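*Asks:* Spelled out, the chains give:
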Amino acid sequence: MNPIAFVYLATVLFGIGAAAVLLRRNAIIAFMGVELMLNAANLALVAFSRIHGEIDGQVMAFFVMVVAAAEVVVGLAIIIALFRARQTISLDEPAELKG
Amino acid sequence: MLDLTWLLIAVPLASSLVLILLGKRADAWGHWMGLAASTAAFVVGAGAFLQMLGLDAESREHAVHLFTWISGGELTVDAGLLVDPLSITFVLLVTFVGTLIHLYSVGYMEHDPRRRIFFAYLNLFVAAMLLLVLADSYLLLFVGWEGVGLASYLLIGFWNHKPEYATAANKAFVVNRVGDVGLIVAMGLMFAAFGSLSFETVFAHVGDVSTGQLTAIGLALLVAATGKSAQFPLQSWLGDAMAGPTPVSALIHAATMVTAGVYLIVRSAAIFDLTETARLVVAAVGAITLLMGAIIGMAKDDIKKALAASTMSQIGYMMLAAGLGPIGYAFAIFHLLTHGFFKAGMFLGAGSVMHGMNDQVDMRRFGALRTAMVVTWVTFGLGWLAILGVPPFSGFWSKDKIIESAFVGEGWQPWVFGLAALIGAGLTAYYMSRLFFMTFHGKARWTDDAHPHESPWTMTVPMIVLSVGSGLLGWFLATGDRFTTWLEPVTGHAEHHEPVLAVPVIMALTLVLVAIGAGLAWFQYGRAEVPTTAPAPSLGTMVARNDFYQDSVNRAVFQRPGTHATRTLVYADAALVDGAVNGTGSGLLKLGEFLRRFQSGQVRSYAALILIAVAGLIAAVVLGVL
Amino acid sequence: MISPVLFWSVAILTVIPALSLLFAKKAVHVAMSIVAVMVGLAVAYVGLGAPFLGAVQIVVYTGAVMMLFLFVLMLVGVDQRESMKETLVGQRWIALFGAGGVAVLLISAVGQLAYEPAEEMTEGDPEAIAQLLFTDYVVVMEILGALLITAAVGALVLTHTPRLTPRRGQAERQRARVLAGANPVNRPMPGVYARHNALDVPALDPEGKPIEESVSRVLEIRHQMDTSTQYEAHLSDPSKRGTDKPDHESLAKSDDAETGEAENGKEDEK
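As given, the protein sequences belong to chains A, B and C, one line each in that order. Residue numbers are given in the UniProt record's numbering: position 60 of the first sequence equals residue 60, and the series is strictly consecutive. Residue numbers are given in the UniProt record's numbering: position 413 of the second sequence equals residue 413, and the series is strictly consecutive. Residue numbers are given in the UniProt record's numbering: position 226 of the third sequence equals residue 226, and the series is strictly consecutive.
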């Protein structure tokens, strides 16, 4: 079976992740949606790596993981700070950005 | 001494600064310091004059380099002084008459709390005028020119607590600015034509430039001269300038300011020599002004305004003479010199009369003052005889020469200019005699509170000195053509030309007209009863009394269109320029209001916008648009 | 080539748990589902010739990242249920169409490619990856190290709360209590002579008087407190010492109290 199928799988996962970010009000769940999108990209990278027969794509995916780890650390810290300040992690709550 | 001429400018200027900066501390002795500065300038000027007398006629031109003023690219302007017979003549006139006026002011301004400032301004005036006449380039001359304008503004508006006096000062300043534009244009044209503004370079190269350019320069210079010398059509400020204290009027009319225009024309003789057209215009302006001033003078009841009109008329004579070319330059300056003496004397006399009459200026309220103020009567009478041109008083020697010169030439010009000068002499005799008789003769028509008395010595001494000059200066200078020879290095040698009428005929005609004018005035104002209020005027009198409606004309011709043009420009500015700017602003504001709706503050809405944008980008890639 | 069995099992193992992101109400359930997705992806990586990456995926995502999520969830309240009712106008449709649109567009974009997959490929074992990481990508590697440190410091800064008042230790707390008038020592235990379950009987002081506060306040409020009068009588009347058993009736009563007390205790726990 052609490894390109995994790319299709990756797009589906990406779409689910994106929809989760848009739909869920719980900041942690939305954040997990972001993680899923990143992982979908990783899957695509690995699939491409397999298609090309090179492992550079895997290195890229590795880097993405590192970045994602850093992002998780900071993102969760933000969520905790938000929770401390407002006693909630609903994304609809902080509307100070309203112009 | 010739190298020390810079002191002429520096001393009065320093004195002026000191008087202004020291403030009240100098109140007690400030006027004496001003007088001392002026006297010192006169001493330096006299020393330079004596030294120059000892030189040959050819080497009487002395340049004093002061410093390099502007140095940039093609333009290098050196600040330097040019000491030659012409400028020395002016220096002597300005410093001598100026000093006398300073002395006079000590008495005249005695009760004014701001006398110190007055002397500071007088010194500034003298310094600026000396800079004007001593400058060796048009640019430096312009500095003095503007300095004179500033000083005259300050002095005319000296009593600026009265709004109309302040307005008069503003008027003088603004009208002078119009003339200044002429000088600036002239300088621009000169720089374009010669690449320099120094007299030396310009006069050395006048032959290399086309006549058209020279005519343009000449006309621009004429505009400048009309502004400063109150010639037609920029004459309107002079009458109102009487708002200043009388010594100021004397200074403006006799020694400084109004003579600057004549000086400018004569100094630029090299240019005017080569352009017939410009000369003709100068002469025409002079002729028009001399008649106009004389007619206005006939109708004025205000003694100072009548004298002002007389000044206008006399300067008109000088301009006419200057416009006649080489034969007239020397006579223009000659008349300027004698006029400086007798007009200063008469102004000081008028000031003395006002001083004794509670600052009354209406001549219909004077009369029979000859007994109350003997010195004033005698000195004023000498000035009167001089301006009438009665021999052997000084006006005769200078004015008669101008009338003779006006008759020289070919075609219609000698007849027009000559007759204008001739008739002007008759009119002058009439209005000056009218003034004299109304003031000093006839019956007393004083107001009840008037107690005429003779002025203190500080005021009478200058008047006596000036009246001596009015009496004898003309004869002294005209004997053996002393003055014309003296000025020859500057104005050039004038071939003698025969007038279209024989000289004795002209002289006789002049004297007859003067006699008729004076006699008429005697019958009307000397012998007959003078009503204390002016009778209902005829049309001509009305026109003359209102200065030929010069202000209305100016308003209709210049001010109204100017106002409308300004309004249009303001409207255009508001509608187009501001409209564009404000439109941009309000447009951006509306755009912002529209975009604001996307700033809902909802994080998920932002995420949705990002997603839609990404979808758009991907779509563009897929569809091959990008 | 890839085994279709592998692909479909991975697809099912990832997509179905991933859908919980959209439909599960409890965040914990979502997190656990995502763990499953991560494991599925790890399997896919191994199947795609990236065993090292698969291992890293397990370690980093299921082991670290998702556990971190769970920690935070517990910190902010694990029980929070989220209402699925949409509050933003049209957000649901924008989200579904947007996400679906992006997916469709990406699929169509990928579908335009005509790549024949490589027959052979180097296995992505740690050795090969390390070879690349420390040669071609060494600069990126260093930069990512800096990024990680920055992120760690950033997280510290973000979650740090400055102390506004001086710290109150045990000594300070005790001092405050004494100053407020509290008894510095322990309260006396209830019960008399431990003859029965004496939690409901006040202790007696040396003078033989009952100490009311030795009994739990709860029992007092419930009126389940026994008086110590009978035991006082025992004390004051030494003749009864031999027959120290109380009469039958009172014994039964105290048994009742005992069972009731036990039940009450259970309720208290709840």
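Source of the hints: derived by calculation from the structure; they are not laboratory data. Computed from a predicted model, the values in this text were never measured in an experiment. Where a beta carbon is used, it is the ideal one built from N, C-alpha and C, also for glycine. It is possible that some hints are incorrect.
[Unchecked claim] To give a feel for the contact side, a few chain A residues facing chain B, derived at Cβ under 7 Å: (1) A18; (2) I80; (3) L91.
*Asks:* Does each hint fit the structure? Answer for all of them.
*Replies:* Checked hints:
no. : hint : in the structure
1   : A18  : holds (6 Å)
2   : I80  : violated (17 Å)
3   : L91  : holds (5 Å)
Comparing the model with each numbered hint stated earlier shows that hint 2 is the single one that does not hold.
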